[in-house]
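Chains A and B supply the protein sequences, listed in that same order. For the first sequence, position 124 (counting from the first letter as 1) is numbered 124 according to my numbering, and the numbering increases by one without interruption. For the second sequence, position 283 (counting from the first letter as 1) is numbered 283 according to my numbering, and the numbering increases by one without interruption.
Watch out, some of these pointers could steer you wrong.
Said to hold, decoys possible - Derived contacts from chain A toward chain B, CB cut-off under 7 angstroms, selection only:
(1) 88
(2) 95
(3) 126
(4) 128
(5) 130
(6) 133
(7) 268
(8) 269
(9) 271
(10) 278
Simulated from the structure, these hints should not be mistaken for laboratory data. Since this is a predicted model, take the numbers as computed values, not measurements. Glycine included, C-beta positions come from ideal geometry on N, C-alpha and C.
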Amino acid sequence: MSGSLLFQSLVLGVLLGGLNALLAAGLTLYFGVMRVVMIAHSAFLILAAYLAWYFNQQTGLDPLLSLFVTVPLFFVVGIGMQRLLITRLRPATLTMMSVLLTFAIALFIEGMIGFVWSGTQRRIQLPYSGSNIEFFGARIAVVKLIAFGLAAVSLALLYVILKKSRFGQALRATIQHPEAAKLVGVKTDRIAGLGFGLGLATAAVGGTALSLDATIYPSLHWHWIGPLMAIIVVGGLGSIPGTAIAAMVLGIGQSLLQVEIGTTWAQTLFYVALFGTLMLRPQGFFGGRLAQRF
Amino acid sequence: MRNASDTETVQRGPKDPKAPKAGAEGPAAPRGGWLTLGRGIRLVAFVACAALILSFPEMAPNPYVLSAGVVVASYACTATAWNFMGGFTGYISLGHAAFFGLGAYGTGLLIRDLSMPSFLAWLVAGAIVVLIAIPVGIAALRVRGASFVIVSISFVLILLLVSQAWKGFTGGSNGLVVPRPFPDMLRPEHHRVFFYLFVALLAAMLLVWWLIDRSRFGTGLKAVREDEDKAQALGVPTRNYKLVAYLISAFFTGLAGGMYALWFGDLDPIFQFSILLGSYMVLMALLGGVRHLYGPLLGAVIVGSALEYFKLEFGDTQLHLVATAVLLGIVVLFTPDGLIPAARDLVRRFGPQDSSIREITAAELLERNREAAGDTPEGDPKEEER
């Protein structure tokens, strides 16, 4: 592998890792506040991509503008999902049953997308779709850069909300110790709902970013959920920094391997990392003291 | 004062352990007449159901219905095989399609490459599935709950990737053609033979389930389901028990997959290693009731028939996904214990009231404690009892 090719795939890996980190952060939020593994996360991701495509198709405007609709919409849907569906499950079997429930939601979304927009592959054509930027000899597609920028801004925003705001403090308290948070006056039920909404909003951002340079079809979400779940286990369930690091490392690794052994085999890296983590450190590599119990 | 309180505990002593014992034997145990009546009804129902199932190929009006019956029988096999893990230990695996696909591909490849006799290849493939399941099971069972589900899904996704990418060995997306075991048999006759083979496999599974249910091993597994930490503290070798249950489950799922390969004769990675198939197993078992011998069978008959009907009515549209999703959602939200317990509760409501303590699960107990705690501002049920 030549030096420039190596650098090129390294840069692409960072760009991919950024998007992965944002999406996995959403998964971590659900798990943190409710101990729920949200299988439907990537289905909402694809739904957001389809909405961006449809918006572009109908109005001819830039798909990025659809964010102003999808982000608030997904936020409200997330709150509704937590309040109306997840809380109805029995606490004792919540973790297992919520997996099945969100799996059902994922199937529902996949089926409805296929029903409404048919199973045909879709792609957004933009005036800047084909343009590239030279960056120290590496050629980077503008759309990939925009996607990464979107992911980076959202992650930074998420970080500021969690670290600086009062709501973020309450949310982190709920993640760390729900009972103690309740004792000091945090309304954990409401906070959990908002956390769910926040997580789903990341799916809206990620989906719009994805729609810029990917061909989308209804069953695409299965290709996303596996790697994302591998990332949150490797990073340690419930730890957002761990998730971000794992997403970056695995994203770069996948991008480097892609050149050598092809796309399909490179994707197995996520699963190899998953099984390796379980064998060596079942609680994940970064923090995540919750993982083994749930 | 001391003496008084002493006698009180002595008086209480023998009473307390007795009560749960009576409950464990089942509410019907003390009443002789009710017991024999119940047993008689059960025997008649069993014979009637068995006769109905065995005479199905004769009653099927056309070969299409017969082939749909074979599909439902294969679903019943996979759901029952899944229940060895899901029902006994409470570990919900969404990835059992992996073992189904491995059994199917193993059988096909052994016949194609080593030209083994069909049914020998079928058994060997089952053994290979167990060998593959050992390391996977050891890795997966290091974690609980959600992480276990993640691992199980990942395993299917890996196998899907590998079977699609490794074109030289598995045929990739072109699929793999499995030679039929009875080459000179006509289609309807072929369906009929395989219907009976699937039913025989199912009967073997039900027998093993019944035996485990009664054994010490089965009791240990159920202890893991109710409270794994307590079971471990009481000396149940939880890890080995779980692993053995996982292997039994994988073995039978693999056999069901191999049988499917021999019957259908054409394998495609997308259909063999599909998460959807794994979710059907979970849905069927949950719908019927995972704690019951016939639960997965009942669920398979309902869901399998519905799926076949949907395929016939709506063909290629994605609506069958929506229907599956809605059904799964309803089951998870409203009858997570399944139809058999729900029906039994309904029957019990009209039957004689039982006064003994009923067997309750840890989940129900926790639920009840939580409800009791919800009434008091303190939120600690133990405080309330004192």
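Here is what the structure says about each hint:
1. The interface hint given for residue 88(A) is met, as the beta carbon of that residue sits about 6 angstroms from the closest beta carbon of chain B, less than 7 angstroms.
2. For residue 95(A), the interface hint holds, the least distance from its beta-carbon to any beta-carbon of chain B being 4 angstroms, beneath 7 angstroms.
3. Interface restraint check: residue 126(A) against chain B, minimum CB-CB distance 28 angstroms, threshold 7 angstroms, status violated.
4. Checking residue 128(A) against chain B by beta carbon gives a least distance of about 32 angstroms; that is not within 7 angstroms, so the hint is violated.
5. Violation of the interface hint for residue 130(A) is found here, the shortest Cβ-Cβ separation to chain B being roughly 29 angstroms, above the 7 angstroms cut-off.
6. Against a cut-off of 7 angstroms between C-beta atoms, the interface hint on residue 133(A) is violated, since the closest Cβ of chain B lies about 32 angstroms away.
7. The criterion of a C-beta within 7 angstroms of any C-beta in chain B is met by residue 268(A), whose closest approach is roughly 6 angstroms, and the hint holds.
8. Taken as an interface hint, residue 269(A) does not check out: its beta carbon lies about 11 angstroms from the nearest beta carbon of chain B, beyond 7 angstroms.
9. Hint status for residue 271(A) relative to chain B: holds, with the closest Cβ pair at about 5 angstroms, below 7 angstroms.
10. Among the interface hints, the one on residue 278(A) holds; its C-beta lies about 5 angstroms from the nearest C-beta in chain B, closer than the 7 angstroms criterion.
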